[in-house]
Amino acid sequence: MKETSTEKETYKAPRTAVEIAGVRFKNPVLTASGTFGYGLEFANLMDLNSIGGIVVKGLSMTPIKGNSPPRIYETASGMLNAIGWQNIGATEFVAKKLPALRNYNTNIIVNIVGFELDDYLEVTRFLNDCPGISALELNISCPNVKKGGFHFNKNPKDTFTITAETKKASRRLPLWVKLSPNVTDIREFATACQDAGADAISVINTFVGMAIDVEKRRPRLRFLTGGLSGPAIKPMALRMVWEACRTVKIPVIGVGGIASAEDALEFLIAGARAVQIGTANFYQPDVSQRVALGLQEYCRSHKIDDINEIIGSLRTYE
Amino acid sequence: MLDKKVKVKDIRDLGERNYLLTVNTPEQARLVRPGQFIMLKCVEKVDENPILRRPFTIFNIHRNKRSGKPAGLELLVKDVGVGTRKLTQVRPGQMLDCLGPQGRGFQVSAEMRNRTELACLVAGGVGIAPLYLLAQSLLVQNVKLILFYGGARVADLVLREYFERLGIEIVYTTEDGSFGERGVVTQPVVRFLTANNRRNIRVYACGPWGMMKAVHKLSVEANVQCEVSLEARMGCSLGACLGCVVQTRDHLGEEHYLRVCQDGPVMSSRLIDWDTVPL
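Protein sequence lines correspond, in order, to chains A and B. The opening position of the first sequence corresponds to residue 0 in numbering that gives the first Met the number 0, with each subsequent residue numbered one higher. The opening position of the second sequence corresponds to residue 0 in numbering that gives the first Met the number 0, with each subsequent residue numbered one higher.
Source of the hints: derived by calculation from the structure; they are not laboratory data. Be aware that one or more of the hints could be misleading.
Claimed, not checked - Straight-line C-alpha distance at most 16 Å; calculated EDC-like pairs for lysine to aspartate or glutamate:
no., chain 1, residue 1, chain 2, residue 2
1, A, Lys64, B, Asp249
2, A, Lys64, B, Glu254
3, B, Lys3, A, Asp285
4, B, Lys85, B, Asp12
5, A, Lys248, A, Glu18
6, A, Lys233, B, Asp46
7, B, Lys4, A, Asp285
8, B, Lys85, B, Glu47
9, A, Lys11, A, Glu296
10, A, Lys64, B, Asp46
11, B, Lys4, B, Asp46
12, A, Lys64, B, Asp272
Just chain A, with the same shape it has in the complex:
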């Protein structure tokens, strides 16, 4: 009996909490926007309290209808999507989804979308006054809309402007900016966000891709092109996260093809403060909970007291 109690006293669970712009996350595992709905869809399949945060589906002030189907197509170790921002609108989200989400002990981050700068500002001002939201994620990297969206991620000056303006509008909430990988040099965009006052950046959104039905000679997606996600993009995402982490001082959140604790660890070691899990939620609905548990297990087995010791700990060859 005595031995057992001594063990208990000396045993300390590894600390897995991280902080991003003053917000504490119980662990660095989040779910990526567009892959986890409004969170509640997964409530029966995993413990939503087990993860650091949920980034909900991109929201505009008023509902958006979205693109014509077919909208998705599976490719080798990944998938293409061209959903086109279909969402219920911020008002309905706050009225119908947010109250239920508040019952969970996790951070809610709202991804915001818009066709014009004013759209972003309007939804930002609205959400800024809503209790239960921990941060906003500015989506300027969606490849699946013809207007707005990716437009602001084509040159660093535009990225700077929209980030600076949205930051002014989001008085209370930290602002993250989700960046596109479809650029020549992600570092320029990361720097633009930092200079404009962004609190963090999410690196990356999907790669523009395409697939063709050779029998019909038709594109697999009605939109023609779509965003590629899933394990196929992980090495490229990791490289961009690494580049961004070496360039800016604000926290970088790693996104792209993460499907296991090992994948998540790669991003953390490369310097990401947290990670978002996307496409894997579709084929393993409780994957984020498993990853959170796996990170804890890694810390324990490697005798790491605090997960922050891992972040940015890559040992490069000199």
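Dock chain B against the given chain A, drawing on the hints supplied.
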């Protein structure tokens, strides 16, 4: 809805790239309502391609031979692509991820026997899949039913024996005339709806888009209710990815994209905008 590892019990080749797959999963089998589906991983390992699961309508509840209790699910699988091809290569004893049962099924209720004199089931090829459980539950409600089952060739008319055992009236059609009436399945449906135009009929259809569109039009002309079971490529099946939508029109004429996975797969045919032809 449950997410389970289920064991393959049996896979039977029905010809013409059709298979009847039986998986053991008593807990999920107990929850099934007619018209619902499950998402099944086509390979054993979670990180193996294809990564996304595939949706399959539940054809039948497999029951324990002695106790008669639900023991598993019978699924009609047609090899139409990379995922389904791998699935048809599974062997008994293999374990697959299975999520469900889920989705909005057919509207069958106890009051139906008072309102519905006749149920008209229309299937095109593997569109037969959701109709067996439906037929069973209609019979339980004492609703008289007739099945119209069409295909290109006789080999497409799989699992006929299940329906024949129910002792219901069945009209078969094949486009090549190899079995039943020569032509498309909507021909005898027209005759049936015309001959019974004074009766209270409900139509249930599943098959290719063009067939369901035609059956919908006939139902509107005959002024009878029609439910269709839709098919779509799905990402998550949970209503999160919005990949499986179909264009609909509400009573105000406003267009919406509804999710086949959660707002369907069974929908009133009058909701659907049939002029949006999926590629």
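Okay, the hints, checked on the actual structure:
no.	hint	result
1	A:Lys64 <-> B:Asp249	holds (14 Å)
2	A:Lys64 <-> B:Glu254	holds (8 Å)
3	B:Lys3 <-> A:Asp285	holds (12 Å)
4	B:Lys85 <-> B:Asp12	holds (14 Å)
5	A:Lys248 <-> A:Glu18	holds (14 Å)
6	A:Lys233 <-> B:Asp46	holds (13 Å)
7	B:Lys4 <-> A:Asp285	holds (13 Å)
8	B:Lys85 <-> B:Glu47	holds (11 Å)
9	A:Lys11 <-> A:Glu296	holds (13 Å)
10	A:Lys64 <-> B:Asp46	violated (33 Å)
11	B:Lys4 <-> B:Asp46	holds (15 Å)
12	A:Lys64 <-> B:Asp272	holds (15 Å)
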